[in-house]
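Enquirer: Here is how the chains run, residue by residue.
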Amino acid sequence: MSIVLSAKNLSKSFYEPEEFQVLKNVSFDVQKGEFVSIVGKSGCGKSTLLYLISTLDTKYKGEIFMNEKKVTGLSQNELARFRNEHIGFVFQFHFLLPEFSALKNVMLPAEKLGKYSKSECEDRAYEKLKWLDMDKFALKLSSKLSGGQQQRVAIARALINDPTIMMGDEPTGNLDSVNTELVFDILKDLCKSKGQTIISVTHDTEFAEKSDRIIEMKDGEIVKHEN
Amino acid sequence: MLSSVNFEIAKTHLLAKPRQTLIAMLGVTFGIGMYILMISFMQGFNEFLEDTLLSSTPDVRIYNDIKTDFSHSILDEISDTAKVLNVIHHPKPKDITPNLKSSARIIEDLKRDERVLAVSPQLATQVFYVSGLVQINGTLSGVNILEEAQLTGLQPKMKTGKIENLLTIDNGILMGHGLANKLNVHVGDMISLATPKGTAMRFRIVGTFQFGIGSLDNIKSYVNLSKVQQLVGKDNQYVTDIGIKLKNYDNATDVAKEFSDRYGYKADDWKTTNASAMVSILIRNVMTFVVSFTLLVVAGFGIYNIMSMTIQNKLKDIAILKAEGFSSGDIRQIFLTESVTIGVFGALSGLVLGFILSSGVYNLPFPKNDFISITHFPVVFHLKHYAFGMGFGIITTFIAGLMPSIKAGKIDPVAILRG
Ligand SMILES: Nc1ncnc2c1ncn2[C@@H]1O[C@H](COP(=O)(O)OP(=O)(O)OP(=O)(O)O)[C@@H](O)[C@H]1O
Ligand SMILES: [Mg+2]
Numbered sequence: 016m017s018i019v020l021s022a023k024n025l026s027k028s029f030y031e032p033e034e035f036q037v038l039k040n041v042s043f044d045v046q047k048g049e050f051v052s053i054v055g056k057s058g059c060g061k062s063t064l065l066y067l068i069s070t071l072d073t074k075y076k077g078e079i080f081m082n083e084k085k086v087t088g089l090s091q092n093e094l095a096r097f098r099n100e101h102i103g104f105v106f107q108f109h110f111l112l113p114e115f116s117a118l119k120n121v122m123l124p125a126e127k128l129g130k131y132s133k134s135e136c137e138d139r140a141y142e143k144l145k146w147l148d149m150d151k152f153a154l155k156l157s158s159k160l161s162g163g164q165q166q167r168v169a170i171a172r173a174l175i176n177d178p179t180i181m182m183g184d185e186p187t188g189n190l191d192s193v194n195t196e197l198v199f200d201i202l203k204d205l206c207k208s209k210g211q212t213i214i215s216v217t218h219d220t221e222f223a224e225k226s227d228r229i230i231e232m233k234d235g236e237i238v239k240h241e242n
Numbered sequence: 013m014l015s016s017v018n019f020e021i022a023k024t025h026l027l028a029k030p031r032q033t034l035i036a037m038l039g040v041t042f043g044i045g046m047y048i049l050m051i052s053f054m055q056g057f058n059e060f061l062e063d064t065l066l067s068s069t070p071d072v073r074i075y076n077d078i079k080t081d082f083s084h085s086i087l088d089e090i091s092d093t094a095k096v097l098n099v100i101h102h103p104k105p106k107d108i109t110p111n112l113k114s115s116a117r118i119i120e121d122l123k124r125d126e127r128v129l130a131v132s133p134q135l136a137t138q139v140f141y142v143s144g145l146v147q148i149n150g151t152l153s154g155v156n157i158l159e160e161a162q163l164t165g166l167q168p169k170m171k172t173g174k175i176e177n178l179l180t181i182d183n184g185i186l187m188g189h190g191l192a193n194k195l196n197v198h199v200g201d202m203i204s205l206a207t208p209k210g211t212a213m214r215f216r217i218v219g220t221f222q223f224g225i226g227s228l229d230n231i232k233s234y235v236n237l238s239k240v241q242q243l244v245g246k247d248n249q250y251v252t253d254i255g256i257k258l259k260n261y262d263n264a265t266d267v268a269k270e271f272s273d274r275y276g277y278k279a280d281d282w283k284t285t286n287a288s289a290m291v292s293i294l295i296r297n298v299m300t301f302v303v304s305f306t307l308l309v310v311a312g313f314g315i316y317n318i319m320s321m322t323i324q325n326k327l328k329d330i331a332i333l334k335a336e337g338f339s340s341g342d343i344r345q346i347f348l349t350e351s352v353t354i355g356v357f358g359a360l361s362g363l364v365l366g367f368i369l370s371s372g373v374y375n376l377p378f379p380k381n382d383f384i385s386i387t388h389f390p391v392v393f394h395l396k397h398y399a400f401g402m403g404f405g406i407i408t409t410f411i412a413g414l415m416p417s418i419k420a421g422k423i424d425p426v427a428i429l430r431g
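Top to bottom, those sequences are chains A and B. Just so we're aligned, residue 16 is where the first sequence starts under my numbering, counting upward by one. Just so we're aligned, residue 13 is where the second sequence starts under my numbering, counting upward by one.
These are computed hints drawn from the structure, not numbers from a lab. Given the structure is predicted, the values throughout are model-derived calculations rather than measurements. Positions of the beta carbon are idealized from the N, C-alpha and C atoms, including for glycine. Nothing false has been slipped in among the hints.
A short list of chain A residues far from chain B (calculated; beta carbon distances all over 10 Å): (1) LYS76; (2) ASP191; (3) VAL238.
Covered stretches of chain B (in silico footprint by chain A; criterion: 3 or more residues with CB under 8 Å from a CB of chain A, positions within the stretch not fixed): (4) 18 to 25; (5) 322 to 336; (6) 417 to 430.
Generate the whole structure from the sequences, applying the supplied hints.
Expert: Right, dumping it as C-alpha cells:
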C-alpha cells in the first residue's frame, strides 16, 4: 500500500477577532484506497483541517505531501491545476451551479482539465451519472433536483477526473436518513470496487463507524486513530 | 487566451438572466447610438460649413495689407534721435494704391509652383449698386471668370444664368442672389455701378449665384477683370488680390507663410480667413466628444453596477469553481467575457440605432432659409465613426468589467464554502 496523503505538523491560527490556534501540530497519513472519517465536536477544527489538505487554504504551518509531491508552497495557479486533477469535493450543501444542467455540472471540471475532448467528457460524465443512477436527470437543470439527487450529482462531479482523493465535508449532513444511507453506500462501494481514496468529515457516528478508519479530533489535535 | 469552458460558463450566465443582460446592453446601445447620431450630424454640419467656406474662399489669398503702423517715422532716420525727439500728431496714410506690384511676375511664378492647382488674380473694389433710386453698398470683383471658377467652385453655386455668359457679353455681371433680390433685378436687366471716387458704369446681369453665405450673396458681384480696371481707371496689370487653389488644402497654412515671405505681401490661408467659423467647428467637435463620452461613461457605470451585483450573487459559484480547479485568472476571464460580450452586442446594436436615427435626421427637410442653401439636414455616414463607436463601446465595457472581475478572481473560496 502506498501513501497518497501525508500531513506533517500542521498548525493554523486565526487572528480575527483574537488570536486562536485552531490546529496544533496535526500529523497523519492516508493510504491509497482508504476510507477515512474525521470526527470530533463542533468547532474542533475538522473543516479547517480539510481545507488545508485540499489545498484551498494555504495559510498554515507544516507540510502536506500528496502522491509524494510536496504541495505546500505551490503557487495559487499550480494549486488550482492540482485540485482540478487530483481532488474531488463533496460538500454539505450541494453547491451545484444552478444555471447548468446536471450533466454540465459534472462535465465542467473535465473540460477545465482539458485531457479529453468535449464528447469524451460528455461520455465520461454520463457514465458517472449512470453509475449513480442519475443519468435520467442528466439534462435537468441542477437547481430543479432534490437534495439527495443534487448530492449524487455532486459526487459524480467529484469523480469525473478520477481524483487521487475524494474529500467530503459532511457530505450527508444535509440529507435525510434514507439519502444518508444511499450516499454512504455509494462512497463505500466507490472505495471497495474502485479503490477510491476518500477522506470525509462527519458528525454521524454511524457513518463514521462503517468507514475504514476514524480520526478523532479535539481542540485542534488528533486524539485517536481508530481502525 | 479565452478558454472554451470559460466562454461557455460566461455564455450560460448571460443567457440565464436575459432581462438583466438586456438592460446592461441597452445602456451601451443608447450611449453608442447617441454618439453615432451626434457625430454624424455634427460632422455633417461641419463638413457642410467647411465646404461652403472653401467654395467661397481661395485656399490662399495674397493681398496688399495697408500698413497703419506709425511707430516709426522717416524723420528718425535723418535726425540724431539721441538729441532730438520727433513727435508727429495725427499721422495718416498717404494715398497708397492697394495693388500688388509686379503681379504678373508673381502669377507666373505661382503657376510654376507644383503645389498650386489654379491661380486667379482679381481686382476688388467698393461700389454702389444703383437701381432707380435705390443705392446699395457692396463689393465688386474683377476676375478672369474661368480661373476664378476653378478656385471657388462658383459653377455649382449659380442660381440663374451661366458663368460663361461673362465671356460673351463684355459688360456682363454675375450678381449675388440676395443682392439681386434686394435690387429687384433679374437676368437681362441693366444695373449701374458707381465707385466711391465717382466713376460709374452700366452692366447687364447675366447670372446670379448663391454660396449660402449671406455676407457674400448680399453684397458681392463678379465682372471681367478689365472692366473693373477700367472702372477704377487703372492699367491692365493692376490687381489687388491673387487667389490660389492648392492641390492639398490642408497645407494652406504653411504655404501661405512661405508665399508671404517670398513675395513680401500678406498671404492668408482659408483657416485664417474663416477663423471664427473654424472656432465654431472646433467647439462643435469638442461638444460632440464630451457628450458622447459622458453617455458612454454612464453606460460603463451601469455595466460596473450590474457586474458587481452579478458577482455578489455568484459568490458560491465562484467558490465552487475555484474548488474544482478554476484559477483566479479563469474566474476573471469568465466575468470579463461577460461584460465585453455585453459591450460587443450593445455597441453593435448601438451602431444600428445610430444609423437609423441619423438616417431619420438626414431625411428631415431643412427649414427653408435665404442664407443656407440646403434642402435636408447635413448628415454624414463615415465608416470611421462607426468603427470608433464600436471600439470605444468595447473598451468602456472592458474597463467597467475589469474591476469587478479582478475582485471576483480574488475571492477566497474557503470563506464562502465554510458558510
Ligand atoms: N475565518 C475564521 N476566523 C476566525 N475563527 C474561525 C474562522 N473559521 C473558523 N474559525 C474557528 O475555528 C474553529 C474551528 O472551525 P471549524 O470550522 O474547523 O470547525 P468544525 O470542526 O468543522 O466544526 P463543525 O463540526 O461545526 O463544522 C472554530 O472555533 C471556529 O470558530
Ligand atoms: Mg465543519
